[in-house]
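K.L.:
For reference, the chains in residue letters:
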Amino acid sequence: MSESLSKEEAKILVDKYAEDAIRPMKNHKGFILWMGFLGLVLVIFAYAYFLQLRDGLSVTAMRDYVSWGLYIANFVFFVAASLVGMLISAVLGLLNQKWVKPITRVSEIIALGFVLIAGLVIITDMGRPDRFLNLFLHGRLQSPIVWDVTVIITYTAISTLLFLLPLIPDLAFIKRRMKDMPKWQYHIYNVLSLGWMGTAEQYKLLHKSIRMLSIIIVPVALSIHTVTSWLFASTLRSGWDTTIFGPYFVAGAFVAGAAAVIILMFILRSNYKLEDYFTDHHFDMMGRLLVLVSLLYAYFNINEFLVPAYKMRSGEAVHLYTLFQGAYAGLFWSVQIIGMGLPIIFMMFKEWRKPANLTFIAIIVLIAAFIKRIIIVVPTLLHPYLPIQNVPEKFHQYFPTWIEMAVTAGAFAMALIIITILLKVFPVIPMWELAEEKGITEEFEKQE
Amino acid sequence: MSDKKSKNNSRREFLKIGSLFGVGVAAAGAAAYSGFASQDGHGTSGETILSESEQKIKVLTEDGTLAEIKASELTPIKKDEYTDALQSQGREGIAGKHWAMVIDLSRCRNVRACMASCQNAHHLRDEQHHINVLRMQDDRNTEPYFMPKPCFHCDNPPCTKVCPVDATFKRQDGIVLIDNERCIGCRFCIAACPYSARVFNWFEPKDAEKDEELLYNVELNVPQKKGTVSKCLFSADRLREGKLPYCVSACPNGVYYFGDLNEDAVTNGTSGETVRFSELIRQNAGYTLMPELGTKPNVYYLPPKNRMFPFEFKGKTTLDDEHHG
Ligand code: SF4
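Those sequence lines, one after another, are chains A and B. Okay, so the first sequence: first residue is 5 according to my numbering, each after it adds one. Okay, so the second sequence: first residue is 969 according to my numbering, each after it adds one.
Hints listed in this document are in silico derivations from the structure and should not be mistaken for laboratory results. Among the hints, erroneous ones may be present.
To be verified - Under the rule of at most 30 Å between Cα atoms (straight-line distance), these lysine-lysine pairs were calculated in the DSSO-like manner:
no., chain 1, residue 1, chain 2, residue 2
1, A, Lys398, B, Lys1038
2, A, Lys315, B, Lys1264
3, A, Lys15, A, Lys277
4, B, Lys1129, B, Lys1178
5, B, Lys1174, A, Lys398
6, A, Lys358, A, Lys20
7, B, Lys1178, A, Lys398
8, A, Lys277, A, Lys102
9, B, Lys1284, A, Lys398
With the hints as constraints, model all of the structure from the sequences given.
P.N.:
Now the structure itself:
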């Protein structure tokens, strides 16, 4: 390919990369408004969480039977969304799927934003957040919570590396290129580009380490969500006591993550004129990917619900009745049909894999993914083996209070703030990788 | 490291501290003391007697002699030291015992004296049950019956397995306890317990203000703490004094037997009669609840054979909403 581009053409292309990559990083009015909005959500969050700290978890709708609620569902969702970094940059990367190149950084950013906040989400659920350190002082290796904490920290570390390493050549490039940037920004780039010179040797090392990280992150990512599913599967309760929870959760996570990536791609594309990087073809491919993972998820759903429904063993039967025709039927069927079945069918048509259409579907899928987490957590707790008696009527239901919702919204705001800031500070277009693909690495490294 | 060391010494240390402590608290106003020793008219603990008129106090010393000491000369043990001793004896349990309970469902008439005395002893709110008398109906064609349900102190406890910080644990005598000074309130144990035996302190506990000065006794789980879990303790504090659990002695109908499996003997809380555990179970077709779960409970049931017929139960199985937030 390198022969096909003349020096002139290469220069123009590199200029274009630079311009396109730097454009989203510039300040603009929308950014301030957006951050202002997120800040406002954070203020509400702070007030809600203050109330919760003062009055304890009594401010939630959780009680002795439904003792896990929105917070845990939210935690599962955050862990799920963070899994996509591994799917796209590692799995597809290793499979040599060239088209994912421009999307890798988007997916790593989403992964980082969500996984960094997942840890905080779990703290909002704790009755004694002041004793958080007990997890390290008295941690018991036999507890799935300790496994979860361990793998999430590991995943965060590897994801950070997998985000930062591929940035090195680009940061070195921007350092040379963007003359008007503030000092702090220059410092960041200077430090993070680790003295990159763009020699062939460095390129070789970089490729090697990215490849290594991509391999390491696969089992770690699988384990964060598998272990998270074990928080449920390790109990004896109907609805949770199943052996397929690990892969079931992982498949669900891919669905949620792919949807999140599509949405972010669309926002970037339409806000910053990045149509040349997030092309229709990319949306088409992401649509196909979403169909694939949704089918996988549907397969697990069939196993998860059909098999016990066939037997109707006593405990399971109560649970399934609640989902199929009881209090949770409305939510359950909407999620399964509108959030999974219909999208699969629609996305099989090319028309629905066009950017705007696909984004619309992705939004629905993402909302459904969130609700699905609630359906996994709450109904099971409503039906313990022994009857719920001699407690107030309220203990038989669960609907989150405004405080729970505000705290949850706050967690989302935090994740979005991280994502927004990462997008502001770092180039979202992996320029050097594109240059490499075009065979103009030399031009890319030389340009001032 | 230091943890290990203090454990080794703890037994001896405790004997010393324990005897003196009774005095310390008594002199300080008997607040904590009456909190758990004279709950339901069982009088003093027998170790110390406060003699107000002479301002002298009888103390049981380490070697077992009863001595007198002037009240003014007493120096209370430091709070920390004593809590540590309470904690380590609480975690160890009583050597050589394997506690078990037998609940004779054929005698239960839903009096709920057990629930009341338990809530009273453990400073629980109305809706918090360490022991809960449930109205059960196994099948649509079978008669309902009442079933008191404490914690089963399983030999394969699902709850202690999942605790991330070893706040809930199983002791050598079979009792499963919670250290509410360590619990982080993750509620994983609540999710893990298939018998819904655990409750959470969502609110400021009922007697939070009154209990503020009390030393935490892990065997009584008082004072209760906001944001932590609580549950039936087989009245570990009473067992240490050689008495039967609160619920067991409160029942007027002879529903409860309690005792030591190693001795194969259980005592009925109402009649005081002691019988062979194995015989009681064999002759009455005793069973454990949901054995298919593999939890190996230490609470046994005798079948609900004398069911009320027709079943008379005018009460409700829900509490009124008002004061439970
Ligand atoms: S709620 Fe407390 S006792 Fe229960 S598992 Fe969590 S830390 Fe352990």
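K.L.:
Checking against the hints above, which ones are violated?
P.N.:
1 and 4
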